[in-house]
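Undergrad: These protein sequence lines map, in sequence, to chains A and B. Residues 1 to 468 in this note's numbering are what the first sequence spells out, letter by letter. Residues 1001 to 1191 in this note's numbering are what the second sequence spells out, letter by letter.
No lab work stands behind these hints, which were simulated from the structure alone. One or more hints might be untrue.
[Unchecked claim] To give an idea of the interface, some chain B residues facing chain A are shown, with a C-beta separation under 7 Å as derived from the structure:
no., residue
1, GLU1041
2, ILE1045
3, VAL1169
[Stated by the list, open to error] Ranges between beta-carbon positions, derived for each pair:
no., chain 1, residue 1, chain 2, residue 2, range
4, A, GLU330, B, THR1135, 50 to 60 Å
5, A, PRO394, B, GLN1090, 25 to 35 Å
6, A, PRO151, B, LEU1139, 40 to 50 Å
7, A, ASN221, B, GLU1131, 41 to 51 Å
8, A, GLN150, B, ASP1147, 53 to 63 Å
9, A, ALA244, B, ASN1116, 40 to 50 Å
10, A, ASN341, B, ASN1075, 21 to 31 Å
11, A, LEU343, B, ILE1092, 47 to 57 Å
12, A, ARG235, B, LYS1048, 43 to 53 Å
13, B, GLN1090, A, ASP74, 24 to 34 Å
14, B, PHE1186, A, THR208, 37 to 47 Å
15, A, PRO334, B, ASN1116, 29 to 39 Å
16, A, PRO334, B, THR1188, 47 to 57 Å
These figures come from a predicted structure and were not determined experimentally. Note that beta-carbon positions come from the ideal geometry of N, C-alpha and C, so glycine has one too.
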Amino acid sequence: MKGIICLIFLLYGFLLNSQNKELLYDFVDVPQALLLNPGANTNFKFHAGLPLLSQFHINGGLRGASLHDVFADDGRNINEKIEITLAQLSSKDYLTFTQQLEILTIGWRNKRNENIYYSAGIYQELDFIGYFPKDFAVLAYQGNQDFINQPFKLSNISGSGELLMTYHFGYSKKVSKNFTFGARAKLYSSMLHLRSARNSGTFTTVETPQGNNVYQHIISNADVIVRSSGISSLREIEAESTSAEIKEGINKLLGRALLGGNLGIGLDAGFTHMINDQLSITGSFNDLGLVYYTKDIETYSARGNYVFEGFETPIQFSGQDPENFLEELEEAVPLDTLRTNYLTMRPLKLNGSIKYSFNKYDDGTCYYCIAGESPPYQDAFGLQLFTQFRPKRPQYAASVFYYKRWFNFLRTKIAYTIDEYSLYNVGFLISSHIQKINFYISTNNILEYANLAKARGVSMQFGFNFIL
Amino acid sequence: MKLKKVCTFFYCIGFFACIVACVKDVDFDQIEDVVLTPVYEVDFIYSKFDTSQFIDSSIPPTVTLPEVVISDTLNYDLLGTDFVVENLEQVILSFEFRNTIEREFTFSFGFLNDSNQRIGSSYTVVASAGEGSNTDPVLTSEVILLDKSDITTLSAATKLITEIRVQNVNVSLSGVLELKSKGTYFITYEL
C-alpha cells in the first residue's frame, strides 16, 4: 500500500503528456520524422541509426496538478496539501507516461526510382495512461462520512498500459514535385497489457429515515472489467525470487518481444503537400491498428447489485440464515476470472501542420546546403496540431514553431505548445550534422527546467544517426 | 575551427540545460508525515418488531410472564483483518430505539471467537418504556465507544451475540420496538 501510494505520487509529479512529439514532427533533417509522418518530405539517400541509440524518447505528464502542489517545502502540513490537491483534481485528470527506445532503424532510396524512399526498423514502446480515480481516492482518504447520499462512481476506474515491440516497414514516394505520400506497415508484439475502461455503476451510502436502519449501502449496476495479458505468468516472480526465476521471466519477455507475444497489425500514413515553393501542409496518422490478445490472458469481471443495511438481530423476520456480510457480497457481486481472447485498438494519433519557409540562402556557393541539394530555406514558421485517442476521450495539443537552419551542420526548432497540461510549454530541438553523423536532442517545457517539480509535463528525445 | 567553436557552444547550451534542470523547493521526506484519516459510517444492527412477534398469543390474558429473553448469534468478522487491527483507532457505535411498548427493554451484545467463547466486554443499552400503541414512540439514544484496546481484543471475534430482555409481559401489551444502529469507524493509516 505504502509503495503504491509513493509510486502514484512520484509518477504524478515526476513522470512526465501524451505521445506528442511536436519538435520532431516535420523536422525533415532527422530520419525519425518519418516515424511521425511517412510522407515527410525528406532528402536522405540513406540513413541508419546507431543501434539502441538512434532514438530514446521519454514523455509524460499530469493534467491537474504538479509535484510541487503536494511536496512544496513551504511549512504547511502535507496532509493539508494533499486534501487541497485532491479537491482540485477531477476524474478527467490523468497521468500519462510513454517511453520509446529505437532498437534498429535503416532507410534507403530506391536505385531505380529516386522518388521512392524505404525505411524500416524496430522499436520498443511502453505506454501508460491512468485517469485519476477521484471518487475512490476521496473514499480512501476521507471516508464516506462527509459524502452520505453522494454516489462514488465506478466509471472513475479507467486506464491502460502496454509494453510492446513494433516492427515496421515504410514507403515514401514523391508523387509529384508538390506532393509526397507515405505509408508504414507495423507488426506489434505485445509483451504486457492491462486495460480497464468503460466501467459503470455506483457505490452510495444513502440515508434512510423510513428504512430498516440508518443507512443503506448500495452497490448499483456495478460492471467493472480489467483485461490483462502477459501478466499472470509473471505474477509469481516476487522480490524473493531466485535469479533463475527472474531470468526465466526476462526470457519470457524477450521471447514475446521477438514476435512471441500477442500480435497485432497497424498502419501509419501521411503526406506533404507543397502549396507553393514556400508554403506546405502536412498530415499523418499513426498506429491505426489493433492487437489480438490470445496468450496469457486474464480478464477480471465484477458485475451485480448489492444492498447492505446492517445485521438484523436479535429478532429476524426475513427467515434467512445468520447473515454473513462478506459471503453475501461475494455472491451478489461475484468476481469472475475469464480467459477469453480480446481485441484492443492501438491509441490512434493524428498530426497536421502548415509551414511557411523563407530566407533562402543562395549566393551560388551553397555554403549552407548539402552538396547536390538546392539551397534550402534557412527559416520557417508554422502551426501544428496533434490528437491522440485515449480510453475516455481524445487529448489535443496545438503548437506554433520556428525553424532555423544556422549552418549546414546546425539546425534548430523552437515550439510553443498549448495542451491539457500547460499553457506555457516551450520546447527546443537542436540537431547537428557533422560529416555524416547526426545527433539531435529535444526537450519541452524548458521554462520549467529551473524547477521540474512545478512542471505538468516533460518530454525529451535524443539520438544518433548516420545520414547520407 | 570557427564552426567547431559554434558547435561546441550549442552542445554546451544543451548539456547546461540538462544540468540546470532540477527539482527544488520540495521536500520528499514529507511522505513520512502522510496520514490517511478516513471516517466510515456503516450500518450495524437493526430490528423492528411488535408484541405479537415475541408474545405467544395463546397465553391467557391473566398470565404474566416474568421475563422474555430473545437471543441471536450471527457471523461477524469485520474486526479481524490485519488492516483493521493495525489501523482502526476507534469505533463509535450509535444506537437509537423507538419504543411504543409500555415496557423497558434491555438490549445487550457481545462477541464470540471461533470456539464460541466470549471475548471482550458485554455491552448493554436500556430502551425506555413506551406509552402504548398509537402514541409517539419514546426515543432512547446511546453511544458506545470501542477504543484501540477493545478493538485489539475483539480482533479474534468471529461472531456477534445479541440478546433482548423484557419483563412482566402479557398479551395485553401492544406497540412496536424499533432498533437502528450504525458504527463510525475512525481509521488512522500512516504511510
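Undergrad: Confirm or reject each hint.
TA: Results for each hint:
1. For GLU1041 of chain B, the shortest C-beta to C-beta distance to chain A is roughly 5 Å, which falls under 7 Å, so the interface hint holds.
2. The restraint placing ILE1045 of chain B at the interface with chain A holds, with a minimum CB-CB distance near 5 Å, inside the 7 Å limit.
3. Contact between VAL1169 of chain B and chain A, as hinted, is not supported at the beta carbon level, the nearest pair being about 14 Å apart and thus beyond 7 Å.
4. Against the hinted window of 50 to 60 Å, the Cβ-Cβ separation of GLU330 of chain A and THR1135 of chain B comes to about 44 Å, which falls outside the hint.
5. PRO394 of chain A and GLN1090 of chain B have their C-beta atoms about 47 Å apart, which leaves the hinted 25 to 35 Å range violated.
6. Against the hinted window of 40 to 50 Å, the Cβ-Cβ separation of PRO151 of chain A and LEU1139 of chain B comes to about 31 Å, which falls outside the hint.
7. For ASN221 of chain A and GLU1131 of chain B, the Cβ-Cβ distance of about 44 Å falls inside the hinted range of 41 to 51 Å, so the restraint holds.
8. The hint said 53 to 63 Å for the Cβ distance between GLN150 of chain A and ASP1147 of chain B, and at roughly 30 Å that hint is violated.
9. Checked against the hint of 40 to 50 Å, the C-beta distance between ALA244 of chain A and ASN1116 of chain B comes to roughly 48 Å, which is consistent with it.
10. For the hinted restraint 21 to 31 Å between ASN341 of chain A and ASN1075 of chain B, the CB-CB distance of approximately 40 Å leaves it violated.
11. Separated by about 51 Å at the C-beta atoms, LEU343 of chain A and ILE1092 of chain B satisfy the suggested range of 47 to 57 Å.
12. One distance hint, 43 to 53 Å for the beta-carbon pair ARG235 of chain A and LYS1048 of chain B, holds here, with the actual separation near 48 Å.
13. About 32 Å separates the C-beta atoms of GLN1090 of chain B and ASP74 of chain A, a value consistent with the hinted range of 24 to 34 Å.
14. Roughly 23 Å separates the CB atoms of PHE1186 of chain B and THR208 of chain A, a value that falls outside the hinted 37 to 47 Å.
15. Between PRO334 of chain A and ASN1116 of chain B the beta carbons are some 30 Å apart, a value that agrees with the proposed interval 29 to 39 Å.
16. For PRO334 of chain A and THR1188 of chain B, the hinted distance range of 47 to 57 Å is not satisfied, since their beta carbons lie about 33 Å from each other.
Taken one by one, the earlier hints fail for this structure at numbers 3, 4, 5, 6, 8, 10, 14, 16, listed in ascending order.
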